[in-house]
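Heads up: the sequence lines are chains A and B, in that order.
For the first sequence, full-length UniProt numbering begins at 1 and goes up steadily by one.
For the second sequence, full-length UniProt numbering begins at 1 and goes up steadily by one.
The set of hints was computed from the structure by calculation and includes no laboratory data.
Just so we're clear, the structure is a prediction, and the values are computed from it rather than from any experiment.
It is possible that some hints are incorrect.
Not close to chain B: a few residues of chain A, all C-beta gaps over 10 Å, as computed [stated by the list, open to error]:
#: 1; residue: Glu-264
#: 2; residue: Asp-326
#: 3; residue: Gln-409
Pairs of lysine-lysine, DSS-like flavour, derived with a Cα cap of 30 Å [to be verified]:
#: 4; chain 1: B; residue 1: Lys-237; chain 2: B; residue 2: Lys-295
#: 5; chain 1: A; residue 1: Lys-85; chain 2: A; residue 2: Lys-366
#: 6; chain 1: B; residue 1: Lys-88; chain 2: B; residue 2: Lys-61
#: 7; chain 1: A; residue 1: Lys-85; chain 2: A; residue 2: Lys-184
#: 8; chain 1: A; residue 1: Lys-431; chain 2: A; residue 2: Lys-388
#: 9; chain 1: A; residue 1: Lys-339; chain 2: B; residue 2: Lys-61
#: 10; chain 1: B; residue 1: Lys-269; chain 2: A; residue 2: Lys-419
#: 11; chain 1: A; residue 1: Lys-405; chain 2: A; residue 2: Lys-387
#: 12; chain 1: B; residue 1: Lys-269; chain 2: A; residue 2: Lys-408
Ideal Cβ placement from N, Cα and C applies to all residues, glycine included.
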Amino acid sequence: MALRSGLSLLRYISLRTSSRVLSTHINPEINQNGEKTAEFPGAKAPYVTEMKFLNENSYESIPIYRVLDNNGDVILANEEPTLDKETLLNMYKSMVQLNQMDKILYESQRQGRISFYMTNYGEEGMHVGSAAALSPQDLIFAQYREVGVLLYRGMTITELINQCYGNHEDPGKGRHMPVHYGSKQLNVVTISSPLATQMPQAVGAAYAFKRTPDNDRCVICYFGEGAASEGDAFAAFNFAATLDCPVILFCRNNGYAISTPSSEQYRGDGIAARGPSMGLHTIRVDGTDALAVYNAVARARELAVKNKPVLIEAMSYRVGHHSTSDDSTAYRSLEEIQKWTSDENPVQKLRLYLERKGLWNEESEKSLIKESRDFVVRTMQDAEKKKKPHWKEMFEDVYYDMPLKLQKQMHEMEDHLRKYEEHYPMENYEKE
Amino acid sequence: MTGILAQNTLSRSLLQNVSNIVKRLSSHFTYYPDESKPIDGQTNKMNMMQAINNAMDITLKTDSSSVLFGEDVAFGGVFRCALGLQEKYGKDRVFNTPLCEQGIAGFGIGMATAGATAIAEIQFADYIFPAFDQLVNEAAKCRYRSGGQFDCGGLTVRAPCGAVGHGGLYHSQSPEAFFTHAPGLKVVVPRGPIAAKGLLLSCIRDRDPCIFLEPKILYRSAAEEVPVDSYEIPIGKAHILREGDAATLVAWGTQVHVLLQVADMASEKLGINCEVIDLMSILPWDEETVCNSVKKTGRCLVAHEAPLTSGFGAELAATVQAECFLHLEAPVSRVTGWDAPFPHVFEPFYLPDTMRCFSALQQLINY
Chain A
1 MALRSGLSLL RYISLRTSSR VLSTHINPEI NQNGEKTAEF PGAKAPYVTE
51 MKFLNENSYE SIPIYRVLDN NGDVILANEE PTLDKETLLN MYKSMVQLNQ
101 MDKILYESQR QGRISFYMTN YGEEGMHVGS AAALSPQDLI FAQYREVGVL
151 LYRGMTITEL INQCYGNHED PGKGRHMPVH YGSKQLNVVT ISSPLATQMP
201 QAVGAAYAFK RTPDNDRCVI CYFGEGAASE GDAFAAFNFA ATLDCPVILF
251 CRNNGYAIST PSSEQYRGDG IAARGPSMGL HTIRVDGTDA LAVYNAVARA
301 RELAVKNKPV LIEAMSYRVG HHSTSDDSTA YRSLEEIQKW TSDENPVQKL
351 RLYLERKGLW NEESEKSLIK ESRDFVVRTM QDAEKKKKPH WKEMFEDVYY
401 DMPLKLQKQM HEMEDHLRKY EEHYPMENYE KE
Chain B
1 MTGILAQNTL SRSLLQNVSN IVKRLSSHFT YYPDESKPID GQTNKMNMMQ
51 AINNAMDITL KTDSSSVLFG EDVAFGGVFR CALGLQEKYG KDRVFNTPLC
101 EQGIAGFGIG MATAGATAIA EIQFADYIFP AFDQLVNEAA KCRYRSGGQF
151 DCGGLTVRAP CGAVGHGGLY HSQSPEAFFT HAPGLKVVVP RGPIAAKGLL
201 LSCIRDRDPC IFLEPKILYR SAAEEVPVDS YEIPIGKAHI LREGDAATLV
251 AWGTQVHVLL QVADMASEKL GINCEVIDLM SILPWDEETV CNSVKKTGRC
301 LVAHEAPLTS GFGAELAATV QAECFLHLEA PVSRVTGWDA PFPHVFEPFY
351 LPDTMRCFSA LQQLINY
C-alpha cells in the first residue's frame, strides 16, 4: 500500500512541472484572423473556429506536492529542506504541545470548565510547516484552527489557556469566545468568528506593507475550503492579484466545513484551480507533510515579498469534530477518520523523519508528552483560579475614547450593581 | 490520537452538549410555557426545535414547490431544526449549500421569484450580514421596483439569534432592528414552541419575504403542547400575555420570559399588576394593541437584548409618546443590551436581565 502510493506520488511529482493541458487545444491550421490573437480589452486570446465548451475535465488535476512519504522517508533527496536541528525540533514540539493542549482543553469543555473549544487534530503539519517558513515579522491573519502556527510563533500555552478562560490575563480581556487568540507583539491579528472576512483584510494589510520603503514583510492568511465559498474569498483573490500584493493565501482544505464535505462545497479542481485563473501563483501541497508545506511556504514567501501573490491549497483531513458543539459521527464514519489518524498522520510522519535522522526517540517522545501534559494541566488549574476582568472592561475599547453615552450607561450599571450586587457573580470578577 | 477521538465520539453527543449550555444559562430567565390552544385537536409535547421542524415538515408535505436549504442543513442543521427532513423529502428539497450567506439569500430570492417556496437557513443571525445586500436591496425591494410584476414573497430566511450564555461577540447578536429599517421585509421573533410553529407557517405562506429570528436559547428550553395540525398565527398581531393596569411591559423572543418574571416580581413585591405584551412580529408591529395598553396603564417599559442606540425599542418609544402623550405618567423606559458588542465573560452584566428590568420598572412607577 505504502509502496503503491509512493509510486503514484512519483508520478505526480513528474507532473508537477508540466503545465496544465487544455483539451480544447489550438489548431494552428485554423484561420486565426491572420494568425493574430484577439485584442479585446478583456481578453488577449487566439480565435478558434471550433466551438467547444470547457468543463472541469478540460484540465488535469493540479498535483499535490509532497516531500515525505507515509513512513517519514524523503521521496526525492534534493527536495529535503535544509533545516537545522533546532528548527526541526521546534516544529515537532509545537505539534506535540498542540495535541496535548487540545486533548486537555477539549475535555475541560466537556466538564463545563470552559464554554467552547476547537481541536486541531490532523492539521498540525500545515501549522508548523508554514509557521517555520515565515519571518516573525510577517503578519498572520488566521481563521480559528491554526493554533500550531501561533505556538510556533511564540504564543505561550499560558496565554492561549488564559484566553480560553477569559480571565484577567487574557490579552483579549474576556470579550471573545475561546480559541479566538491574537497578539500584537507576535504579529497575529486577533481572530474573528465570521468566515473569510479576514481574507480581503489580509490583502489590504499586504498592500500597506508593499507601500512601506524597503519592505521585506509579507502577510499570510489562513482560511478553510468552506470559507473559500464566501464572497470575501473571491474579493481577496481578485484584489491580491490586481493590486500585486505581498500576500500568501493559505487554504487549509481539511475536507469538511462542519458537516458539509468538500464534495458539496465546490465542484471543479478545488481551491487551487481558482488561483491561476485569477492571476495568482498557485501550488497544491500535502498538508499532512510538514516539510512539503515548509518548502511551499518558503518559496511562496520569496514570491510574495516580490509582490507576487500566492495561493497555497494544503490538503488534509479534519480528524476532530468541528468544535465542542459538534458530533461528527452524525455525518461521517469512524472508518473514514481512522485512515487519517494512522497512515496520513502529520505528527507521526514528522516524528518518523526525525527518528530516521537520529534527532528523536521513544524516550524523548515520552518525556515531551508528559512534560507538555503536565504543563497544560498546571496552567489550566492556574487559569481557572484567576478572576475574570472587572466588569467595566465590557465598556472599554468600543471606541478609543469612551463616548459620553457609554460612560452614562457604565455609571447606570454601577448604580444598579450597588443596589443589587447579590444578584450578580461579582466574586468571579476582578475588583477595581 | 485515535483513542481520544473514539472516546470523545462515543461518550458525548450534541444533544448533551446543548442541554449543558442551557443548564449553564438557566439563571438568566425562567421559561413561562404557553398554555394557549391556537386550534382544537391533537397536541404533542414539542420543544421549539421540534415545533420548527414540524412546521417545515408540514410545508414540505403540503407544498411541492417548497425547499429547505442552508449550511449543514442536510444532517439537520447545527441546531437540528431540519432533523430527518432530508431523509423524508429527498436531497433535491432539503440540502446543504456552499458556505456563503449572500449566496443562500440570493438563491432563495431567485427561487421565490420563480414561484417556489424557499426556506433558507442562516446558521447564526450573527452571520447574516454578508446577505444584507441581498435582503435589504433585493428581497425588500423586489416587488416595488418591478411595479408589482415580480416578488419574492415565497422566501423565508430563518436564523438563530440572541444570547445563549457563552456565545460572545459572534453567536449572540439580535440584529432585528437592522432589518426593520428596510421597508418590504417582515421580521418575526417567536417566544416558544407554539408561537414558533404558527408564526413560521405564516411567514412561509406570507406574500412578502420574511426574516424569522429564532432565539437559540429557547430551542430546547422547554416543551409545550403544540397542535399537530397546521395552524397560522397572524403576523403583526401582538399577544397580551398578562393583563394589568400599572404598566405595559413590551418584549419579543426570550425577553418576553424575562418580563413575565418581572411582572410576577412586581405583583409579589410591589403589589401591582403589569400588562405584558409579546410583540410577536417586529415589522410590522401591532401599534394598536401596544398603544391601547399604554393608554390604560400610562406607563411603558420596552426591553430587548440588542444595544440601546437605534434598537427597535427606540421605534416603539417614539410611537408610544406620539400616540399616548397625554396618557403617559412617565417617559417610556428602555432596558436593553449596552451600546457595546456582545461580550463573552460579561454576559451576566450585559443582558437586560430581570433585576435590571425590575429596577427600571420601579423607577417607572415612582417617576
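How the hints compare with the structure:
1. The claim that A:Glu-264 lies off the interface is violated: its Cβ sits roughly 5 Å from the closest Cβ of chain B, which falls inside the 10 Å cut-off.
2. Listed as outside the interface, A:Asp-326 is inconsistent with that label: its C-beta sits roughly 7 Å from the nearest C-beta of chain B, within the 10 Å cut-off.
3. Look at A:Gln-409: its CB is around 5 Å from the nearest CB on chain B, not clear of 10 Å, so calling it non-interface is violated.
4. A distance of roughly 18 Å separates the Cα atoms of B:Lys-237 and B:Lys-295; the hinted pair therefore holds under the 30 Å criterion.
5. Pair hint A:Lys-85 plus A:Lys-366 holds up; C-alpha atoms about 19 Å apart against a cutoff of 30 Å.
6. Between B:Lys-88 and B:Lys-61 the alpha-carbon distance is near 9 Å, which keeps this suggested pair within the 30 Å criterion.
7. Restraint check for A:Lys-85 and A:Lys-184: satisfied, since their Cα atoms lie roughly 29 Å apart, inside the 30 Å limit.
8. The hinted pair formed by A:Lys-431 and A:Lys-388 meets the criterion: a straight-line CA distance of about 10 Å does not exceed 30 Å.
9. Between the alpha carbons of A:Lys-339 and B:Lys-61 the distance comes to roughly 40 Å, so the proposed pair goes past 30 Å and is violated.
10. Annotation: proposed proximity of B:Lys-269 to A:Lys-419 holds, straight-line Cα distance about 16 Å (limit 30 Å).
11. Of the supplied pair hints, the one linking A:Lys-405 and A:Lys-387 holds, its CA atoms being roughly 28 Å apart against a limit of 30 Å.
12. Straight-line distance between C-alpha atoms of B:Lys-269 and A:Lys-408 comes to about 28 Å, which keeps the hinted pair within the 30 Å bound.
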